[in-house]
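Just so you know, the sequences run in chain order A and B. Read left to right, the first sequence gives residues 2 to 332 (our numbering). Read left to right, the second sequence gives residues 25 to 511 (our numbering).
Source of the hints: derived by calculation from the structure; they are not laboratory data. The reader is advised that the hints may include incorrect statements.
Stated by the list, open to error - Take a look, some chain A residues computed to stay more than 12 Å from chain B by CB distance:
1) 25
2) 27
3) 177
Stated by the list, open to error - Here's a subset of chain B near chain A, in silico, CB distances under 10 Å, partners left out:
4) 69
5) 485
6) 489
Heads up, the beta-carbon is just placed ideally off N, CA and C, and yes, glycines get one too.
The lines below spell out each chain.
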Amino acid sequence: MSWRKLARLAVVLLAVFVAANIVTWWISGYFQRESSYRGEVAAVASHPDVHIVFAGDSHFAVPLNDLIDVDPHGPAYSIAFGGDSLRECFAKLRQVLNDSHTIDTIIVSADPHMFAKGRLESSNRSFVDWYFLRAGDRTGLKRGWASALLDQVPLLNNDFLQYLRKEAGTDLDRLRGRGRGGGDTEGEADGSSWDKLTEGQRRAAARSTGAEDHAGTGEYQLPFYWYERILALAHEHHVKVIGMRFPVHPDYAAQAPAAEVAAIDHFLLRNGVAQIIDLRGALSDPRDFQDEDHVNDAGVLPLLPIVEKRLGRPLMTHPPEQAAANTPAPH
Amino acid sequence: MLFNSADYAFFLPLVLLIYVLLQRAPLRAQNLWLLVVSYVFYGWWDWRFLFLLFGTTLNDYLVGLGLARVQQPAKRRALLLLSIGVNLGVLGFFKYYNFFISSLIEAFAGVGVHLHAPTLKVILPVGISFYTFQALTYTVAVYRRQMQPTRDPIAFFAYVAFFPQLVAGPIERAGHLLPQFHRRRILSPEAFADGARQILWGLFCKLVVADNCAVVVDSIFDQSGPLPGSVVLVGALVFAFQIYSDFSGYSHIALGTARLFGFELMQNFATPYFSQSPVEFWRRWHISLSTWFRDYVYIPLGGSRASRGRQAFNLIVTFVLSGLWHGANWTYIIWGLLNGLYVVPRVFMGDPLAGAVRSPNLLIRVPTLALRIGGTFALILLAWIFFRARDIATAGHLLHELFSRSLLKSPAATLRNMGVLGSTLYSGLAIALLVTIEWFQRDKRYALEIDSTRAVLARWPLYACIAAVILLFRYTGRSLDFIYFQF
Chain A
2 MSWRKLARLA VVLLAVFVAA NIVTWWISGY FQRESSYRGE VAAVASHPDV HIVFAGDSHF
62 AVPLNDLIDV DPHGPAYSIA FGGDSLRECF AKLRQVLNDS HTIDTIIVSA DPHMFAKGRL
122 ESSNRSFVDW YFLRAGDRTG LKRGWASALL DQVPLLNNDF LQYLRKEAGT DLDRLRGRGR
182 GGGDTEGEAD GSSWDKLTEG QRRAAARSTG AEDHAGTGEY QLPFYWYERI LALAHEHHVK
242 VIGMRFPVHP DYAAQAPAAE VAAIDHFLLR NGVAQIIDLR GALSDPRDFQ DEDHVNDAGV
302 LPLLPIVEKR LGRPLMTHPP EQAAANTPAP H
Chain B
25 MLFNSADYAF FLPLVLLIYV LLQRAPLRAQ NLWLLVVSYV FYGWWDWRFL FLLFGTTLND
85 YLVGLGLARV QQPAKRRALL LLSIGVNLGV LGFFKYYNFF ISSLIEAFAG VGVHLHAPTL
145 KVILPVGISF YTFQALTYTV AVYRRQMQPT RDPIAFFAYV AFFPQLVAGP IERAGHLLPQ
205 FHRRRILSPE AFADGARQIL WGLFCKLVVA DNCAVVVDSI FDQSGPLPGS VVLVGALVFA
265 FQIYSDFSGY SHIALGTARL FGFELMQNFA TPYFSQSPVE FWRRWHISLS TWFRDYVYIP
325 LGGSRASRGR QAFNLIVTFV LSGLWHGANW TYIIWGLLNG LYVVPRVFMG DPLAGAVRSP
385 NLLIRVPTLA LRIGGTFALI LLAWIFFRAR DIATAGHLLH ELFSRSLLKS PAATLRNMGV
445 LGSTLYSGLA IALLVTIEWF QRDKRYALEI DSTRAVLARW PLYACIAAVI LLFRYTGRSL
505 DFIYFQF
């Protein structure tokens, strides 16, 4: 064997590896989700009149994104995404505030579950590593810059591999006829069935999900750290921060310990949040909900005017009914 | 820095590139580069312990020079004792201080005397057991006049800190590795390809087998409630392969990496689970440590040149010390003692089945082989329970369950309740793949060592499959340390 032959071999191997990565990136649902995730952040640049940005998880994303993000001259835009934690909110807000200079207000989720154990690590964590790398900010890269860089290579991305295995498991279950057909990764349940359930069933589901989502609320420092960074970022850009909670089932909300919620509110207000708008009890008709903790496309129509009234500002250029009629089918 | 970390994926190519560029520079420049990057590699974990590494190395270097200058036996012995004292003193303090203090307090408490001795929060510097033992081979060799002391501090410091084997071995002998720092290394494409293949195999062992097994092992051994014997058996089996794949994986990556740089390190594992006796197992498991204890403890104690009773005593002492080397815990001491007891019968009985193994009759040879391999594995498995258990009492409970009726109960339901049934099956498949490949390649230094004269089509599909298995079936949780880093 000669060095020349070895080098040729290395080049061939590298080419195969690159090709395998391109194919993986192209066909995998995980990277399609990543594209849509980053696309949503990048698209703020095509909204020249945006003044208000929402950041949070599926509680904002499910009702809002398909409604306000399709309004090109609308004053509000949502970069919320199912599964985001406050770290993801921070990374995306920093990017958005750098890209758009018309924003004067950011509305960040103040939901108690964002301060719970389940949100210490987000399923979207590697999506936002990119923003930390771009900003040259190592503080958000939990496993270091080298690991974050390698995660940008599809076949070396551990989160992708976990996704792939989960998908394979689901497919296997489906083949065995055990498919549950449940919601997707944005936390959406089968929206058509929520109002068909009895109130007893709804309460039981709300209690169960609420208990799971709120486990460890307020016990961890990490969410507070990221909120502090969001506030510092807003201060740096002279932007107002409003904390907001969207409607949920009362039994879901009741699972968040009142003392912890009060402590969160105290922390937010003390650290510079201008206002906390708590709309958890604003809607009560089951037809307005997709499940225990997500407002649906019908519910957003009465919700939006409430939000606008509390903010004292419009969120859309058209009335939501008209916009909803032009909106593609719900995701 | 871990071999399986992203940091290392950037570190290694960069270090190698500059090393190759220095190939035409003076040898000292290349050695200096290796020294610097080895200290960076070690300091990545905790830079404060670089001073410790530097200090012990300097002591051994100066002792070496002193041994060359001094001729009086008493002074030479004093210098050797200085080296041994500093190395073992440092090791003893960082590794055993709390163990001895707490054992002393417990022992006195047993007879009603309550002592109040201070225990300290001592952090164990990674790899200290390895590099202190490696440095000692130098001073002992110089003392015995088996080699001349080096007058090149850069070469010596690089020898002690050589990053591929600094934190978990192989524990090299000065006579083998140090001369490689004194002559220019030859980088050949064959050695480079060979090194890359061994690294690939090491990554498979670590990322696919060991780390996936770790999930199952941790769940079973860290369980506080009682477990059926069948689950204990599963835990012990999976642990046997976890520790093997973890440590042999590390060694393969170390050897492969060293070969990329033109160095040849000693083989550390030789498919030990195919051994036909505990004696053979210890010739094939962690070879660099076994031979270290043989050369520096067993033989000085008298070795096999003594009565059989004395030989047995020497073996037991050596194995108990080997157990203690692994950690400051009674579980390791019992593990060492057990292994000592396993090898003692050979002293008195020889190898009564040796003839049957060589029998031309397949009906005799194959069952004998199976019995010997299976029996050896079973004995080693029992000892592993002590090695992995939290404490002696836990090991006792686990063994009690293992030899109870619950051994016959299906482990599936318990494993499912613990949420590790899928992981157990997954680990089982990985273990099966490892054992199959190693069985067919058992006479090789590592499983992917295939004669390069064979057709490309016979070799490359296997390499490609292993690479694909690593990419698709590697453990994806948090990066796990190599088990032997703690020793």
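Hint-by-hint comparison with the structure:
1. 25: violated (10 Å)
2. 27: Non-interface label stands for residue 27 (chain A): nearest chain B Cβ at 17 Å, farther than 12 Å.
3. 177: holds (14 Å)
4. 69: violated (13 Å)
5. 485: violated (13 Å)
6. 489: Given a least distance of 13 Å, the restraint on residue 489 (chain B) is violated.
In terms of the numbered hints stated before, the structure departs from hints 1, 4, 5, 6, listed from lowest to highest.
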